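Trainee: First to last, the sequence lines map onto chains U and W.
Numbering (our numbering) for the first sequence: 1 to 108.
Numbering (our numbering) for the second sequence: 1001 to 1117.
Honestly, I wouldn't trust all of these hints.
Stated by the list, open to error - If the Cβ cut is set under 8 Å, some of the chain W residues that face chain U in the computed set are:
1. T1032
2. F1034
3. S1043
4. L1044
5. S1095
Unchecked claim - Pair ranges (Cβ atoms, derived):
6. U/L80 to W/S1009: 23 to 29 Å
7. W/K1014 to U/K42: 22 to 28 Å
8. U/L74 to W/G1053: 39 to 45 Å
9. U/P108 to W/S1073: 47 to 53 Å
10. U/D57 to W/V1117: 41 to 47 Å
11. U/Y51 to W/L1074: 28 to 34 Å
12. U/R59 to W/V1117: 39 to 45 Å
Unchecked claim - Chain U is nowhere near these chain W residues, computed Cβ spacing over 10 Å in every case:
13. E1063
14. F1067
15. A1072
Derived by calculation from the structure, the hints in this document are not laboratory data.
It should be emphasised that the depicted structure is a prediction, and the values quoted were computed from it without experimental measurement.
A virtual CB, placed ideally from N, CA and C, is assigned to each residue, including glycine.
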Amino acid sequence: RKEVEQDPGPFNVPEGATVAFNCTYSNSASQSFFWYRQDCRKEPKLLMSVYSSGNEDGRFTAQLNRASQYISLLIRDSKLSDSATYLCVVNIYDKVIFGPGTSLSVIP
Amino acid sequence: GAVVSQHPSWVICKSGTSVKIECRSLDFQATTMFWYRQFPKQSLMLMATSNEGSKATYEQGVEKDKFLINHASLTLSTLTVTSAHPEDSSFYICSARGGVSRQNGYTFGSGTRLTVV
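Working from the sequences, and respecting the hints, build out all of it.
Mentor: As structure tokens, then:
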């Protein structure tokens, strides 16, 4: 089993739609969690950290469920500029593991 | 904000030659840097973890004699791809913890696209 798994995608959604990404991790010792976005042929950029209490940044909401070893990202009111690959990232003993990513295309 | 500067951005080299990639943390000290490789349409795969002043820790399947990592200072880590072959063509990227202290995330270099011909 892979250490970090994500919805395979791709997700093609119209502008203004709400889209949710799911991620699961296998190691219960995982310590911290992040969502990154990666545009084509560019480096990943931190989108937000993920906490058990949930956290929100504008149109983006991230949630962590440690018991289920599950992480989610919700994007509301999708914009064209949200089109990218979204990477679920898990930190285990200071080793950073990336999920395979989920591709999002927001269509006009 | 914090920056990790990675050079070169792209390089084309002949098969059999060696290529060195540098990553510098410009405004913070990076005791640990991570090196990743990304093939087209795939995710980043961790190759090794580089610790300042000590030997790097390589992931399973990554040849330490082929991918030489040096982390001689708190602001510089280098990856040398020795005797490169076409199958080594990939996007190589480094990251360091810190610099995004508020969100406790990792800062990435801009990546190096290596093409071996």
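Trainee: Please go over all the hints and tell whether each is borne out by the structure.
Mentor: Each hint, compared with the structure:
{"no.": "1", "hint": "T1032", "in the structure": "6 Å, holds"}
{"no.": "2", "hint": "F1034", "in the structure": "6 Å, holds"}
{"no.": "3", "hint": "S1043", "in the structure": "4 Å, holds"}
{"no.": "4", "hint": "L1044", "in the structure": "5 Å, holds"}
{"no.": "5", "hint": "S1095", "in the structure": "7 Å, holds"}
{"no.": "6", "hint": "U/L80 to W/S1009: 23 to 29 Å", "in the structure": "26 Å, holds"}
{"no.": "7", "hint": "W/K1014 to U/K42: 22 to 28 Å", "in the structure": "27 Å, holds"}
{"no.": "8", "hint": "U/L74 to W/G1053: 39 to 45 Å", "in the structure": "42 Å, holds"}
{"no.": "9", "hint": "U/P108 to W/S1073: 47 to 53 Å", "in the structure": "48 Å, holds"}
{"no.": "10", "hint": "U/D57 to W/V1117: 41 to 47 Å", "in the structure": "43 Å, holds"}
{"no.": "11", "hint": "U/Y51 to W/L1074: 28 to 34 Å", "in the structure": "29 Å, holds"}
{"no.": "12", "hint": "U/R59 to W/V1117: 39 to 45 Å", "in the structure": "44 Å, holds"}
{"no.": "13", "hint": "E1063", "in the structure": "19 Å, holds"}
{"no.": "14", "hint": "F1067", "in the structure": "17 Å, holds"}
{"no.": "15", "hint": "A1072", "in the structure": "20 Å, holds"}
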